[in-house]
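J.: Same order as they appear, the protein sequences are chains A and B. Be aware that the first sequence starts at 1, since it is given in my numbering, and climbs by one per residue. Be aware that the second sequence starts at 1001, since it is given in my numbering, and climbs by one per residue.
Honestly, the hints are just simulated from the structure, not real lab data. The C-beta atom is built at its ideal place from N, Cα and C for all residues, glycine as well. Take the hints with a grain of salt, since some may be wrong.
Coverage of chain B stretches by chain A, computed from C-beta distances (three or more under 8 Å per stretch; other residues unrestricted) [as the list claims (entries may be wrong)]:
hint, stretch
1, 1057 to 1067
2, 1084 to 1091
One-sided and incomplete, this derived list gives chain B residues near chain A with beta-carbon spacing under 7 Å [claimed, not checked]:
hint, residue
3, I1005
4, G1162
5, I1309
6, H1429
Simulated restraints on C-beta separations [as the list claims (entries may be wrong)]:
hint, chain 1, residue 1, chain 2, residue 2, range
7, A, R204, B, K1421, 44 to 50 Å
8, B, K1246, A, G299, 36 to 42 Å
9, A, G299, B, K1421, 26 to 32 Å
10, A, G352, B, K1353, 37 to 43 Å
There are 2 protein chains.
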Amino acid sequence: MSSLIGNLLVAQSGGPTPVINASLAGVISEALKHEDEIPEIYGGLNGIQGVLNEEIVDLAAQSQQTLRALRHTPGAALGTCRYKVKKQEDFDRILEVFAAHNIRYFHYIGGNDSQDTAAKIDALAKERGYELRVIGVPKTIDNDLPLTDHCPGFGSVAKHIGVTIRETALDNAAMGQNDFVSILEVMGRNAGWLAASSVLAHRRDKTDDRVKSNTHYNCTAPHIVLLPEVPFNPDAFITRVQEVLKAEKHCFVVVSEGVQDAAGNYLGADTSSTDAFGHAVLGGAGEYLRNLVEDRFSGVKARASKLGITQRAASHNASKTDVEEAELCGAAAVRAALAGESGQMVTMVRSGKEAYAVETRLAPLTEIANGVKAFPPEWIGEDRMSVSPDFVKYALPLIQGEMQLPFEQGLPRYAQISLFKVQRRLEPHNRG
Amino acid sequence: MSSLIGNLLVAQSGGPTPVINASLAGVISEALKHEDEIPEIYGGLNGIQGVLNEEIVDLAAQSQQTLRALRHTPGAALGTCRYKVKKQEDFDRILEVFAAHNIRYFHYIGGNDSQDTAAKIDALAKERGYELRVIGVPKTIDNDLPLTDHCPGFGSVAKHIGVTIRETALDNAAMGQNDFVSILEVMGRNAGWLAASSVLAHRRDKTDDRVKSNTHYNCTAPHIVLLPEVPFNPDAFITRVQEVLKAEKHCFVVVSEGVQDAAGNYLGADTSSTDAFGHAVLGGAGEYLRNLVEDRFSGVKARASKLGITQRAASHNASKTDVEEAELCGAAAVRAALAGESGQMVTMVRSGKEAYAVETRLAPLTEIANGVKAFPPEWIGEDRMSVSPDFVKYALPLIQGEMQLPFEQGLPRYAQISLFKVQRRLEPHNRG
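Required output: the full structure, derived from the provided sequences and hints.
T.: And the structure:
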């Protein structure tokens, strides 16, 4: 295995997660241990755009305090982008910038679109004979990357959704004198992992059933979970709402933003708008269901909440397990690159026999790129509006543990990196 | 001052708050200390409806564990209602139930509609010569009760909104390569206190400006705050959005659900729906603004989140100050009743000279009933889309301190009361 001496560049891409900065901290911390091979640790600002524009910052120059605080800071400290690199001149430019700054280690923290970009950079470097090691770091709250047991970011948002439902269900139960339908719209464009995670809020006291005095709240919400994997059936939905209302007076519905009707249209979607990757902009599923319920039932009130972007930024509810794994994945990427690997992404596999534990592995970027890990059909309940206990078994370990945030004047104190810019060595890039 | 021996009944009314159960705990804890005067401590289920239906539970029989956990449990442990007592036979029935159970102390934890009910019960008891002491306990996240410095519930929701904005702003900043408008819709039907509290998220590092290395995130969001006290002006709004985008690339807008246009229509409201008190059902302001922004600017993306009911249940972000004050108000109500007062609500005044502190006082229920404390006009910024530093001075003490919740399997463990029902002594009530 050849030793390669050169600088490291890390960048962040796609939608932020509560733990994408923990992965960044993992990359930096590990790289700092290998001064002989990695003299400089750089960050590209706003993902691959920072490379194209030669907007690069010195990460080794950050304070200890900043590095520590990145572990619990939401957003993406380096900035991110949704820019899809397509043109050959862009790829040429990336290698040009890498060469100008002697970048030999490249880590892209992102989802499948980003790992696609990383795969192409890796292939081009090999083709051109530019010695470069490219190891991706997984990131997505959607949990839909293939070949990894789960993705950093998912556990924290799942935990936030669980906390939110358990609390909101108590509010609904308190108001439960009249029929009431509470709707929560959550993220998850193509895969129902996040919507499914809402069932973690369920709670059934384990004390003896004969003991009447039950001092802990037994949460039965959510009662209905609508996954993007299941075409929406209005009649079946309304029938189920009716059953739940009859039994409980209130019905808690969780709906993924990505749910489609039988014709393939997103519920309440604004189809006039698409993002840079051509994905439809979603967001109206909750309000759509609220209207449907109030139309179909007289005297039933429905209210919809939409967590929107707030859910993927909710670091105050981050899962400690998720934070630690995100950092682990960042560190593992650096170690793999140092060991001579390239064109791979770090993955996680469960290694514990009794207790939950993970180990990292590697999977080819080309197999990760543009793949989607669908929610397993066998984990969808028979009624197509619930989730099986096997999913709970899978997901429960991922939300364990709480972070202790530093508070200042009543609010969390978060970190920002210092913009120690690395001097430009090239002319500006003219993107066509 | 005559000593009065008899049972106590407490009930909860209106929308739950993160601390309405802390007030309940305050009532119970204080009442337990006065066994000679208060032999039994009862709770009415679902507000005044529990009295009408003689659905009463024994609160002294709850476990120590439950009483302790009520302090951090959202919802309303006794259940609540929005039932407006209007008919004379309902008021007669209330006194009949009170007499049947020798209720001599009545505490209603609620907002202005509830204190109106309490005032009428107090007046009727006096008229009929039934010895009863009625002391209300303030509760509303809207902070709009008159004659009190602030209301239990407000500080906790303000804190949750502050945490949410500081986190979401980091996400927006990370995505800030292209113009982006982030909209957060918050509660507050008639008064802008909650929308205003969003400015608590602002953060300006106090370190020397010459020090370039700034490791703490300086939050400039929210940039625009739309209060229900200010008629919405689309052109002024769009102009301001444009200014912020030019300076920062992203613009964070907080909008109260109660904002109206110049003609007095709620932004994006569903005017076909009203609640039991005839209030319009709100909720479309955020989506309305998102559409407006995307219509007026080409190439600008906007996304709206709506916290909805989740915000008033977010006990995991409760302010410790708020929790302690809510409990204090409950205890003060019992002490005032024991001291011979009736027809009053507990209020809070600031007593501290240097440091923040509060003392409780009393104010007549009739003056609280149906009153609304508007957001002070002098605290609205000149641009009508911001809030003055005087408001920050007022509100900042109210969000101080964090609760340490017990977590179990990754989620908070909340309490529920045991339904030890008090035996009925009357025939069922037939409401006309």
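J.: It remains to establish, for every hint, whether it holds in the given structure.
T.: Status of the hints after comparison with the structure:
no. : hint                           : result
1   : 1057 to 1067                   : holds (count 4)
2   : 1084 to 1091                   : violated (count 0)
3   : I1005                          : violated (29 Å)
4   : G1162                          : holds (5 Å)
5   : I1309                          : holds (5 Å)
6   : H1429                          : violated (15 Å)
7   : A:R204 <-> B:K1421: 44 to 50 Å : violated (23 Å)
8   : B:K1246 <-> A:G299: 36 to 42 Å : violated (50 Å)
9   : A:G299 <-> B:K1421: 26 to 32 Å : holds (27 Å)
10  : A:G352 <-> B:K1353: 37 to 43 Å : violated (58 Å)
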